[in-house]
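Number of protein chains: 2
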Amino acid sequence: MISPEVKAQLQALVGDKWVLDRPAELYAYSYDATPMYQALPDAVVFPASAQEVSGILQLADTHQIPIITRGSGTNLAGSTIPTQSGIVLNMNRMNQIHEIDTENLTATVGPGVVTANLHQAVEAMGLFYPPDPGSMRISTIGGNIAQGAGGMRGLKYGVTKDYVMGLEYVLPSGEILRCGGKNVKDVAGYDMTRLLVGSEGTLAVITEVTLKLLPLPETKRTLVAYYRNLVDAAKTVEAIIASKIIPATVEFMDQGTMKVVDDFAGLGLPLEMKSMLLIEQDGPAEVVDRDIERIARIAKEHGAAGVEVASSPEEGAKLLAARRAALSALSRLKPTTILEDATVPRSRLAEMVEEVERIAEKYGLQICTFGHAGDGNLHPTCMTDERNREEIERVEKAFEEIFHAAIRLGGTITGEHGVGLAKKDFLHLKTGEASLELMQRIKAAFDPNGILNPGKIFTVSNRRRLVVQR
Amino acid sequence: MISPEVKAQLQALVGDKWVLDRPAELYAYSYDATPMYQALPDAVVFPASAQEVSGILQLADTHQIPIITRGSGTNLAGSTIPTQSGIVLNMNRMNQIHEIDTENLTATVGPGVVTANLHQAVEAMGLFYPPDPGSMRISTIGGNIAQGAGGMRGLKYGVTKDYVMGLEYVLPSGEILRCGGKNVKDVAGYDMTRLLVGSEGTLAVITEVTLKLLPLPETKRTLVAYYRNLVDAAKTVEAIIASKIIPATVEFMDQGTMKVVDDFAGLGLPLEMKSMLLIEQDGPAEVVDRDIERIARIAKEHGAAGVEVASSPEEGAKLLAARRAALSALSRLKPTTILEDATVPRSRLAEMVEEVERIAEKYGLQICTFGHAGDGNLHPTCMTDERNREEIERVEKAFEEIFHAAIRLGGTITGEHGVGLAKKDFLHLKTGEASLELMQRIKAAFDPNGILNPGKIFTVSNRRRLVVQR
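Going down the list, the sequences are from chains A and B.
Position 317 of the first sequence, counting from 1, maps to 317 under this note's numbering, and the rest follow consecutively.
Position 433 of the second sequence, counting from 1, maps to 433 under this note's numbering, and the rest follow consecutively.
These are calculated hints, taken from the structure and not from any lab test.
Each hint should be verified, as a subset may be incorrect.
If several chains are the same, the list does not tell them apart, and a pair holds so long as it fits within one copy or across any two.
In silico EDC-like cross-links for lysine to aspartate or glutamate, where the CA-CA straight-line distance does not exceed 16 Å [stated by the list, open to error]:
hint, residue 1, residue 2
1, LYS156, GLU103
2, LYS235, GLU175
3, LYS212, ASP162
4, LYS244, ASP232
5, LYS17, GLU286
6, LYS244, GLU103
Just so it is clear, the structure is predicted and the values come from calculations on it, not from any experiment.
Modelling step: build the complete structure from the supplied sequences, incorporating the hints.
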């Protein structure tokens with residue numbers, strides 16, 4: 001609990017109505033989109049400016065109160081669970097699109113802007129913000145940056161980190177700093193911008209963002225290819241890249257995912273098939289046409305049992321929307337859906353999918369796999385029930401084995417979700433212990449008293465945990 | 001001077017012939033490509049592996065000996081001058097191209113690989129490493145990463161930092177760490193890869209690099225446009241971007257640069273013109289043709305007095321080679337050539353060029369300006385004579401004013417050269433003092449005893465300087 005004095009000071013900083021501390025109000029901030037984690041904060045505060053954030057952080061730093069910065073809480077790593085209580089800093093009031101600069105191709109926004117709203121605003125001006133994380137209709141840009149969010153267009157266009165040009169951020173000391181800006185080239189000092197991307201609220205609170213934009217591609221076309229096995233789908237992806245085509249999107253779904261997606265969206269997919277690829281290319285019309293034709297030919301040459309080119313942009317959009325609904329569709333099957341994002345170099349995709357199948361069978365679990373095949377970024381998804389402790393133990397063992405398999409194949413434990421609580425016990429597998437120590441020394445350089453999102457990313461033995469068992 | 005014991009230990013680590021300490025040998029490592037800086041190291045050591053680097057760093061850390069890591073020394077910021085003596089760590093023996101992975105589109109190389117050699121190796125396989133810093137025929141990949149090097153293709157393709165996917169690096173403690181890898185998506189912990197890019201050898205020694213590659217563009221075409229003033233050239237650049245075309249290269253030269261380049265390369269440029277743009281587009285042939293036609297039309301609509309499309313790839317290559325020769329050409333005019341890289345957001349280009357002209361006139365100096373117009377990355381270049389102390393003082397004042405002007409226009413003090421010695425007194429203009437303190441705390445997290453390239457990037461008052469006056 002925060003003291004009456006601290007509460008009064010918070011109210012003086014942001015106004016009475018922007019400080020919540022009644023249990024019913026706190027409950028909504030005790031969880032995020034990650035299953036099986038929950039903890040109550042002491043208060044929720046809604047700042048409206050960098051100055052207010054600065055005041056809150058100074059106060060929290062003085063009183064050693066944890067600060068959990070949060071947008072819409074759509075992350076899948078438990079990164080915004082207030083496991084050590086403290087203040088949830090809800091950034092959703094700072095949701096202004098300050099500027100869309102058509103000369104420099106930048107957008108400057110508050111961290112609370114919803115990703116899809118930014119898409120809409122820039123596309124109306126013929127511009128393009130490529131990162132499209134699965135939760136983009138709800139997630140915020142600040143949250144996307146905190147988690148280093150990815151999406152379906154990563155293969156051709158990169159991910160959130162590739163579009164953050166400048167930041168305003170606040171340290172626990174209350175200092176308001178800036179890094180980067182609108183310059184396409186800038187090497188003045190260390191790259192603080194990219195260090196903050198993916199730091200999950202453990203280094204600073206981001207209060208303003210300058211993003212890179214591109215011209216909106218002229219057109220796009222979509223193609224689906226169905227396979228009687230997994231290997232041919234993976235081989236098709238390799239062959240497309242080897243033929244020097246980089247599609248905007250190359251999505252993969254296994255049979256289990258195809259079934260639930262088809263049931264959910266009524267697409268009439270050929271459910272006897274073992275896997276499918278959903279490929280989109282964008283760009284100038286003549287190039288898109290040529291690439292789609294070449295991709296169709298490559299798919300057939302690599303064992304596709306069926307290849308269909310979407311007849312219209314609407315049909316293409318419908319197919320992609322169905323793929324976007326994969327998580328929602330899968331989550332209807334069982335009470336608890338655990339979505340992972342083990343990622344491997346593109347060339348190891350088939351091996352990784354087979355490993356996931358083998359592990360699911362070994363532990364008697366239902367795991368469907370879909371994901372961004374072009375990136376090697378898979379989402380093995382387990383449908384389970386958190387009330388079944390025995391099964392959950394098997395789920396945990398299976399995912400541990402999946403992480404080890406990804407690392408063995410040169411991959412990583414998380415491609416686009418982040419570490420948070422969910423994967424911090426496995427981070428050392430990717431980075432090694434010495435890197436983790438170095439990262440913690442970097443954290444101390446920003447946050448010497450450790451108030452920013454304590455207990456996330458790094459495993460600390462002596463944490464004070466107040467987890468509410470649901 | 002290093003002690004006989006330390007010398008013997010270095011010799012034991014790398015072999016006798018890879019430790020130099022005779023004055024005549026040291027002299028060659030007392031300077032880099034930056035005018036007016038020079039200082040003798042105590043020794044030059046040539047490691048052949050990460051293990052050798054580890055041993056050298058442990059030894060240096062124990063004895064508090066500065067380590068100045070260096071490739072070909074082509075940097076223009078004084079970043080590899082051993083101002084506090086110590087050991088120059090020459091990485092040129094670690095120049096193997098370990099692997100070009102055509103499935104994952106990556107190259108894994110030693111830091112000592114010469115940039116142009118990498119270009120040649122990957123292009124022979126139909127692949128493309130876009131970063132092309134001016135010194136690419138001599139510079140090394142390790143040096144490019146240390147400085148965050150840019151080049152002519154930054155507008156469309158980004159710069160070195162956008163192509164570094166993974167690193168192996170060694171801390172002063174001797175620990176050999178890895179970050180990133182071949183995964184297109186990877187958010188496992190803080191982004192150490194990008195923190196090391198542009199850190200100028202102050203954080204760690206890079207011993208292996210994994211770079212992102214692209215398919216080689218099918219074709220390219222080049223166009224030149226001449227202008228009777230500066231503003232029309234800048235307006236053309238803005239209009240091209242506003243029409244949603246992103247050319248691979250948009251280079252600018254003012255009249256002074258045109259004259260010396262023409263004299264140097266015999267191009268027959270129309271020297272009565274005040275400025276010119278050199279524009280290259282690459283990609284699929286039909287798109288390149290269409291873009292070049294549209295760019296030609298836009299240039300004419302925005303006041304170009306002449307527009308010429310290169311008739312062949314050879315003619316285009318000749319024009320670009322002439323632009324690449326700008327620094328060499330200018331350096332023939334006077335004994336000392338000082339090349340800066342003040343950078344502004346693209347939309348402020350014309351203002352910045354005019355500011356440079358005004359400042360040159362104010363201080364009675366000959367400053368020619370050329371650079372990467374698409375990036376707002378200018379190279380105001382002063383032809384002077386370092387033996388003329390009075391003029392050099394005016395040069396220093398003029399550049400100080402140029403840096404202030406860049407910052408005032410939302411720009412930065414260095415777009416692609418780095419801070420080093422040359423710009424460390426101005427870094428605070430861009431970052432603010434609090435950011436500099438934070439960066440120094442980050443440095444301490446890597447290098448607690450401050451042995452790595454001491455005195456670079458940050459202004460430290462109590463440095464031990466042993467500068468040899470030339």
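Open item on the list: At most 16 Å between alpha carbons: which applies to LYS212 and ASP162, within, between, both or neither?
Closed with: Both, since 8 Å and 13 Å are each at most 16 Å.
Open item on the list: At most 16 Å between alpha carbons: which applies to LYS244 and GLU103, within, between, both or neither?
Closed with: between (31 Å within a copy, 10 Å between copies)
Open item on the list: My question is about LYS235 and GLU175: at a cut-off of 16 Å on alpha-carbon distance, are they close within one copy, between copies, both, or neither?
Closed with: Answer is neither; intra-copy 52 Å and inter-copy 39 Å both fail.
Open item on the list: Reference check for the pair LYS244 and ASP232, CA-CA at most 16 Å: within, between, both, or neither?
Closed with: neither (19 Å within a copy, 38 Å between copies)
Task: 16 Å Cα threshold - placement of GLU286 relative to LYS17 - done: neither (56 Å within a copy, 59 Å between copies)
Task: Same-copy or cross-copy closeness of LYS156 to GLU103 [CA-CA at most 16 Å] - done: between (23 Å within a copy, 15 Å between copies)
The earlier numbered hints that this structure contradicts are 2, 4 and 5.
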